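Build out the structure end to end from the sequences listed, making use of the hints.
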Amino acid sequence: MQAKGMKKPMKKEDKRDRISAMVMLSPVVILLLVCSIYPFLWMFRYVCYDYNGFNATFTGVRNFTRMIHDTTFWMSVGHTFEYALYKLVFIIPLALVCAVLLNQKIRGTSVFRAVYFMPTVISSSISGMIFTFIFATQNGILNGILMAIGLVDAPVQWLTSTEHVMSAVTILAVWGGFGNYMLYFITGMNVISEDVYEAAKIDGANGVQTFFKITLPMLSPILKVVLMLAITGAFKDYEAIMVLTQGGPGNRSMVMFLYIYNLIFGSGLTNMTQPQIGYGALLSVVAAIIVGAVTIAYQRIARKLDDVM
Amino acid sequence: MEKSRAVMSGKQKAVMTVIWLLMLFLAIITVFPVIYIVLGSFKSNVELLVGGSNIFPSEWHPENYMQAWTGAKFATYTWNSVMISVCVMLISLFISTMAGYVFSRSHFPGKNLIYGVFIAFMFINVGSVSIRPLFELATALHLNESLLPIILISVGTGQATYIFLSRGFVDSVPRELDEAAKIDGCTFFQTFIRIILPVLKPVMGTIALLSFRQGWNEYIMPLVFTMSRDNLRPLTVGVNMLKATGGGAAAWNVMFAGASIAVIPMLIIYIIFNKNFMSGSTAGAVKG
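Taken in order, these protein sequences are the chains called A and B.
Numbering follows this note's numbering, with no gaps: position 265 of the first sequence is 265.
Numbering follows this note's numbering, with no gaps: position 120 of the second sequence is 120.
Note that these hints are calculated values from the structure, not bench results.
These numbers were taken from a predicted model, which means no experiment stands behind them.
Careful: at least some of the hints might be erroneous.
To be verified - Below are the DSS-like pairs computed for lysine-lysine, each with C-alpha atoms no more than 25 Å apart in a straight line:
1) A/K105 to B/K11
2) B/K111 to B/K182
3) B/K275 to A/K105
4) B/K182 to A/K15
5) B/K182 to A/K213
6) A/K224 to A/K236
7) B/K111 to A/K15
Right, dumping it as structure tokens:
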């Protein structure tokens with residue numbers, strides 16, 4: 001637009017500027033093509049193939065029929081939903097409460113804030129590893145402490161029993177993420193004007209009333225965005241789980257994207273099984289559709305809630 | 001923040017104290033895993049394997065670090081981690097600020113389409129499947145003998161956020177600055193280097209921190225790329241491999257020391273720049 005408005009003698013220069021703009025943009029465009037678009041298209045190429053990394057044979061709809069009967073996959077989808085639910089149920093209220101409390105005029109809020117946010121700078125692979133030590137049944141420190149203060153009599157099998165493994169996974173997820181969501185809420189609250197709180201105070205509202213009548217309603221646009229980020233985030237988590245439990249015991253903590261990783265690269269850290277890339281690619285497409293569907297469903301629900309409120 | 005500390009009643013003070021203690025408790029739980037791993041890295045392996053509830057070592061064994069550093073190749077892993085994160089940071093800084101400038105200031109057909117594709121791929125996530133073709137591509141180009149593919153892929157998967165941040169910032173810079181530079185005879189690129197870059201310092205700080213952290217914490221992609229190349233592994237992969245191959249009664253002391261080596265540098269950077277980290281993370285997510 002601007003270029004068109006310029007006078008004629010500038011034209012040559014504009015052309016030169018445009019060329020330099022293209023050159024300056026080329027690195028990011030090339031990386032986008034190679035790292036995002038190419039893998040995305042590649043994924044569809046092997047959907048109907050049996051491919052182990054060396055030989056690809058066309059198998060028609062066999063991958064589809066296999067998927068329909070693959071109980072491990074559908075179980076992993078269920079576990080993903082379960083994990084996302086647990087994570088949200090604990091992480092959102094905790095983050096919100098922390099944000100509200102840190103918004104008070106209390107000594108040391110900036111230190112608390114920095115501490116709560118700290119786990120998010122640690123690689124989830126390392127925090128997963130740290131928590132395998134903490135949750136270890138015999139010599140883990142968590143069981144050590146729980147037994148020392150008499151909360152349990154026998155060591156809890158955090159990572160080796162199907163009963164407790166999801167709790168362990170959830171604890172790690174909440175620990176690693178609540179500071180991040182807290183920060184989103186704090187940023188959102190800074191937008192709420194101080195005057196509103198003053199007015200509420202003059203009208204005699206107490207802390208709890210202020211929270212439900214002012215903070216929460218005024219925070220609802222932010223809450224919607226944060227929930228959205230938390231849901232999509234939870235569906236994509238698998239790095240920490242991969243390190244913490246490898247999906248076990250007995251696939252009890254196997255989530256969708258971890259199952260897919262194992263298919264595409266051979267399970268475990270040491271490539272114990274042969275990769276099944278074609279089938280993994282098909283499941284990746286399905287997983288992306290599931291995440292997309294959840295996102296759309298959430299947005300519908302959020303809009304409906306808007307109308308009600 | 002305003003500090004209009006009104007006179008509090010006794011009851012209010014008591015409530016505040018309880019809240020403060022709860023927050024302190026939560027803070028202790030939050031730092032506990034890190035303290036545990038760092039203190040544990042000075043315990044003897046026997047003490048770690050016995051377990052118990054004492055987080056302080058009964059005897060201090062700093063030689064665990066020597067064992068990790070030389071015996072378990074952590075010197076190599078650390079070097080690789082530093083190389084990856086510094087390169088990811090420098091490349092991201094350069095190319096994403098440049099792209100942000102072009103998206104903000106230049107006009108050419110298809111610009112908005114290209115920008116839209118960048119934003120769209122911030123949301124499309126197909127998981128680990130995307131690493132496979134890149135791995136095969138790197139192998140075909142014989143690039144898998146170096147850290148280069150790991151660095152470039154890390155840059156490529158993270159760049160959209162940084163471009164988005166840069167563009168937003170350049171948009172807020174008055175156009176009069178560019179035009180003045182143009183009149184003074186600066187080309188498009190010179191205007192970027194001399195006028196825009198100096199103004200971009202705050203957002204460059206954010207990008208530097210976020211991209212460094214991204215490079216340092218990368219796990220699954222370098223894991224795949226270094227599956228059969230021990231000497232290219234960064235710390236995240238190295239320490240987890242040690243755990244996976246060591247078996248049950250492995251050298252916990254070495255793994256604790258290794259995990260500490262992987263975590264401490266990032267924590268030091270965080271302690272120094274924590275405000276920038278926090279503002280950067282929200283800017284990237286909430287606006288996106």
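A quick look at each hint next to the structure:
{"no.": "1", "hint": "A/K105 to B/K11", "result": "16 Å, holds"}
{"no.": "2", "hint": "B/K111 to B/K182", "result": "22 Å, holds"}
{"no.": "3", "hint": "B/K275 to A/K105", "result": "18 Å, holds"}
{"no.": "4", "hint": "B/K182 to A/K15", "result": "14 Å, holds"}
{"no.": "5", "hint": "B/K182 to A/K213", "result": "54 Å, violated"}
{"no.": "6", "hint": "A/K224 to A/K236", "result": "19 Å, holds"}
{"no.": "7", "hint": "B/K111 to A/K15", "result": "16 Å, holds"}
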